[in-house]
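Undergrad: For chain A, the structure is supplied; the task is to place chains B and C on it using the hints.
Residue numbers (this note's numbering), protein chains in the order written: chain A, 145 to 277; chain B, 145 to 277; chain C, 145 to 277.
Any given hint could turn out to be false.
[What the hints assert, rightly or not] With a straight-line cut-off of 30 Å between C-alpha atoms, the simulated DSSO-like cross-links for lysine-lysine are:
| # | chain 1 | residue 1 | chain 2 | residue 2 |
| --- | --- | --- | --- | --- |
| 1 | A | K252 | B | K271 |
| 2 | C | K157 | C | K223 |
| 3 | C | K175 | A | K271 |
| 4 | A | K157 | A | K271 |
| 5 | C | K223 | B | K176 |
| 6 | A | K175 | B | K271 |
| 7 | A | K223 | C | K175 |
| 8 | B | K269 | A | K252 |
| 9 | B | K271 | A | K176 |
| 10 | C | K252 | A | K176 |
| 11 | C | K156 | B | K175 |
| 12 | C | K157 | A | K271 |
| 13 | A | K252 | C | K252 |
| 14 | B | K176 | B | K157 |
| 15 | B | K252 | C | K252 |
| 16 | A | K175 | C | K252 |
| 17 | A | K269 | B | K269 |
| 18 | A | K157 | B | K271 |
| 19 | C | K157 | A | K269 |
| 20 | B | K271 | B | K157 |
| 21 | C | K176 | B | K252 |
| 22 | C | K269 | B | K176 |
| 23 | B | K176 | A | K252 |
| 24 | A | K271 | C | K252 |
| 25 | A | K156 | C | K175 |
| 26 | A | K271 | B | K269 |
| 27 | A | K176 | B | K156 |
| 28 | C | K176 | B | K157 |
| 29 | A | K176 | B | K175 |
| 30 | C | K175 | B | K252 |
| 31 | B | K252 | C | K157 |
| 32 | A | K223 | C | K157 |
| 33 | A | K252 | B | K157 |
| 34 | C | K271 | B | K175 |
| 35 | A | K175 | C | K223 |
| 36 | B | K223 | A | K156 |
| 37 | B | K252 | C | K271 |
Hint data in this document are derived by calculation from the structure and do not stem from the laboratory.
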Amino acid sequence: MDNNFVIEIDTKKNVEFIDITERIQEIVFLKKQTTGQCFITVPHTTAGITINENADPDVVSDIIAYLDRSVPSNDTRYKHSEGNSAAHIKSSLMGTSLSVIIENGNLKLGTWQGIYFCEFDGPRKRKIWIKIT
Amino acid sequence: MDNNFVIEIDTKKNVEFIDITERIQEIVFLKKQTTGQCFITVPHTTAGITINENADPDVVSDIIAYLDRSVPSNDTRYKHSEGNSAAHIKSSLMGTSLSVIIENGNLKLGTWQGIYFCEFDGPRKRKIWIKIT
Amino acid sequence: MDNNFVIEIDTKKNVEFIDITERIQEIVFLKKQTTGQCFITVPHTTAGITINENADPDVVSDIIAYLDRSVPSNDTRYKHSEGNSAAHIKSSLMGTSLSVIIENGNLKLGTWQGIYFCEFDGPRKRKIWIKIT
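Chain A extracted, bound-state conformation (with noise of 0.2 Å):
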């Protein structure tokens, strides 16, 4: 079996953090692999992948406003004729790749940490590629 997955995702809100632990979870348990480290990378420009709370969903929601206020999506004075620096911005703000250590099989989480993709410019078709060693 090979090391590279992929994961397809239809985001359904212009921003939003989709909680993509449990798809991930998935791929290590289906290549059985019991020991090692999860690459997540996120191809797009306008989208991220960030790890916080998943137990009380307001954490996110306060961290999606948060940005919105700080990259406002409307400010006159960007320069990009599509519209959406303001997604640009928080991709790199957040960072579009991550790692995560693989022990007995499983994704080591803190208790409360959740892997999020961050969509800042949907609703799109969106991939995550997963690479495990």
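TA: Okay, now just chains B and C, sitting in the frame of chain A:
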């Protein structure tokens, strides 16, 4: 010897950056790892990790002060009931993991670079997970 | 052949993003690496690295302009005596390292993704360290 290590840390302030470079370097020495990669991750959602200047402590103070101005802790628009939304936001801005090259048994860092644990909601007992590959 | 490479770069402006995708791709070709991971890190504390759109140069201009507005270079509240605190802050916001999948001898990036060295305190001679695994 295993490849996984834990550093425990007692933070003293609500918000502070703690230089953990030496403690990570000690683990690389103990492991007698001469070449490879050192992955460092924080299993918390109100803390982070970053690399920045370790010569003048004013640099880290200025980063902390900027984050406090940009992400005020007492913004009434936050919805998360625990009152620590600013800490969660700062965690995603700084990130919760990074990787450093190991060369000749040492962490390969630039002259002025130190690795900082970023406490955003302390004081607390915290953990840092290290994996050497 | 070793797995460690260095790119040297002379930045021309105080703040600029330089597309280094081709130079990293060249190293992957030279190494004849068909599969693996390419780790890219900046040994500086007033520079960074990010992935974003490489089609319209206005995207990168908009990211630079946002960072200048969010992190003003002349804020009188900075304490660091060298006067480049804004550069240090931007470095931690963008991050100083990232990793890209290598597949079929190529960096595996999204259609619009380029890898940018972020100069925040130039012009200077800078280095980028690459490790291929």
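Undergrad: Now, for every hint given, state plainly whether the structure supports it.
TA: Evaluation of the provided hints:
{"no.": "1", "hint": "A:K252 <-> B:K271", "result": "holds (13 Å)"}
{"no.": "2", "hint": "C:K157 <-> C:K223", "result": "holds (24 Å)"}
{"no.": "3", "hint": "C:K175 <-> A:K271", "result": "holds (29 Å)"}
{"no.": "4", "hint": "A:K157 <-> A:K271", "result": "holds (16 Å)"}
{"no.": "5", "hint": "C:K223 <-> B:K176", "result": "violated (40 Å)"}
{"no.": "6", "hint": "A:K175 <-> B:K271", "result": "holds (29 Å)"}
{"no.": "7", "hint": "A:K223 <-> C:K175", "result": "violated (39 Å)"}
{"no.": "8", "hint": "B:K269 <-> A:K252", "result": "holds (19 Å)"}
{"no.": "9", "hint": "B:K271 <-> A:K176", "result": "holds (28 Å)"}
{"no.": "10", "hint": "C:K252 <-> A:K176", "result": "holds (24 Å)"}
{"no.": "11", "hint": "C:K156 <-> B:K175", "result": "violated (42 Å)"}
{"no.": "12", "hint": "C:K157 <-> A:K271", "result": "violated (35 Å)"}
{"no.": "13", "hint": "A:K252 <-> C:K252", "result": "holds (25 Å)"}
{"no.": "14", "hint": "B:K176 <-> B:K157", "result": "violated (34 Å)"}
{"no.": "15", "hint": "B:K252 <-> C:K252", "result": "holds (25 Å)"}
{"no.": "16", "hint": "A:K175 <-> C:K252", "result": "holds (21 Å)"}
{"no.": "17", "hint": "A:K269 <-> B:K269", "result": "violated (41 Å)"}
{"no.": "18", "hint": "A:K157 <-> B:K271", "result": "violated (35 Å)"}
{"no.": "19", "hint": "C:K157 <-> A:K269", "result": "violated (38 Å)"}
{"no.": "20", "hint": "B:K271 <-> B:K157", "result": "holds (16 Å)"}
{"no.": "21", "hint": "C:K176 <-> B:K252", "result": "holds (24 Å)"}
{"no.": "22", "hint": "C:K269 <-> B:K176", "result": "violated (34 Å)"}
{"no.": "23", "hint": "B:K176 <-> A:K252", "result": "holds (24 Å)"}
{"no.": "24", "hint": "A:K271 <-> C:K252", "result": "holds (13 Å)"}
{"no.": "25", "hint": "A:K156 <-> C:K175", "result": "violated (42 Å)"}
{"no.": "26", "hint": "A:K271 <-> B:K269", "result": "violated (37 Å)"}
{"no.": "27", "hint": "A:K176 <-> B:K156", "result": "violated (41 Å)"}
{"no.": "28", "hint": "C:K176 <-> B:K157", "result": "violated (50 Å)"}
{"no.": "29", "hint": "A:K176 <-> B:K175", "result": "holds (27 Å)"}
{"no.": "30", "hint": "C:K175 <-> B:K252", "result": "holds (21 Å)"}
{"no.": "31", "hint": "B:K252 <-> C:K157", "result": "holds (27 Å)"}
{"no.": "32", "hint": "A:K223 <-> C:K157", "result": "holds (20 Å)"}
{"no.": "33", "hint": "A:K252 <-> B:K157", "result": "holds (27 Å)"}
{"no.": "34", "hint": "C:K271 <-> B:K175", "result": "holds (29 Å)"}
{"no.": "35", "hint": "A:K175 <-> C:K223", "result": "violated (51 Å)"}
{"no.": "36", "hint": "B:K223 <-> A:K156", "result": "holds (22 Å)"}
{"no.": "37", "hint": "B:K252 <-> C:K271", "result": "holds (13 Å)"}
Hint compliance for this structure: hints 5, 7, 11, 12, 14, 17, 18, 19, 22, 25, 26, 27, 28 and 35 are broken, all remaining hints hold.
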